[in-house]
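Enquirer: Sequence:
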Amino acid sequence: MAALIGGVTALIYKWRNNEPKSWFGSVFVTAWAVFWLYLHNFPYVFGHINNLVRTYQNGQYEIVEGQVQVLHEQPATGHTKGDIIAVNGKQFEVNYFYLTPAYRNTLAHGGVLNAGVYVRIYYHNDEILRVDIRK
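In terms of numbering that gives the first Met the number 0, the sequence shown opens at residue 0 and continues consecutively.
Rather than coming from a laboratory, the hints here were simulated on the basis of the structure. It is possible that part of the hints are untrue.
Claimed, not checked - Distance ranges between label pairs, derived from CB positions:
1. 38 x 117: 23 to 31 Å
2. 94 x 49: 17 to 25 Å
3. 65 x 97: 40 to 48 Å
4. 131 x 88: 14 to 22 Å
5. 58 x 113: 51 to 59 Å
6. 108 x 45: 18 to 26 Å
7. 45 x 80: 22 to 30 Å
Virtual Cβ for every residue (Gly too), placed ideally from N, Cα, C.
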């Protein structure tokens, strides 16, 4: 974002001072910043975050309760799908490397969804919004 603002500012400055020969750097930085933002799809990411928060706040989630079964563990370095767990027949994928406000702590990164743990999971569209563990 800083590159976009800096590039546009430099373009405006150079345009006002009539320096067309030195526009290349400013145009490059601006184009690179726009492309970088496009690749990360920021409007979708922030819209998704807002949707999950609103869903949780409005109580529009489902609940499953039972013992955790671990079907697959994601290594600490990633490079494979996330932890696959099942609770009372409902499967979830927990991936540490996804940018989401949903639960994403895999077992390799200190996650609490170990095999045999009794949990209550609040979820929406297969994304875990909250985990309660029976003590």
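Enquirer: Does each hint fit the structure? Answer for all of them.
Expert: Evaluation of the provided hints:
At roughly 42 Å, the beta carbons of residue 38 and residue 117 sit outside the given window of 23 to 31 Å. Between residue 94 and residue 49 the C-beta distance comes to about 20 Å, which sits within the given range of 17 to 25 Å. For the pair residue 65 and residue 97, the beta carbons lie near 24 Å from each other, so the given range of 40 to 48 Å is not met. For residue 131 paired with residue 88, a C-beta distance near 18 Å keeps the hint of 14 to 22 Å intact.
Checked against the hint of 51 to 59 Å, the pair residue 58 and residue 113 fails, with Cβ atoms roughly 28 Å apart. A hinted range of 18 to 26 Å holds for the C-beta pair residue 108 and residue 45, which are about 24 Å apart. Under the hint 22 to 30 Å, the C-beta atoms of residue 45 and residue 80, about 25 Å apart, fit the expected range.
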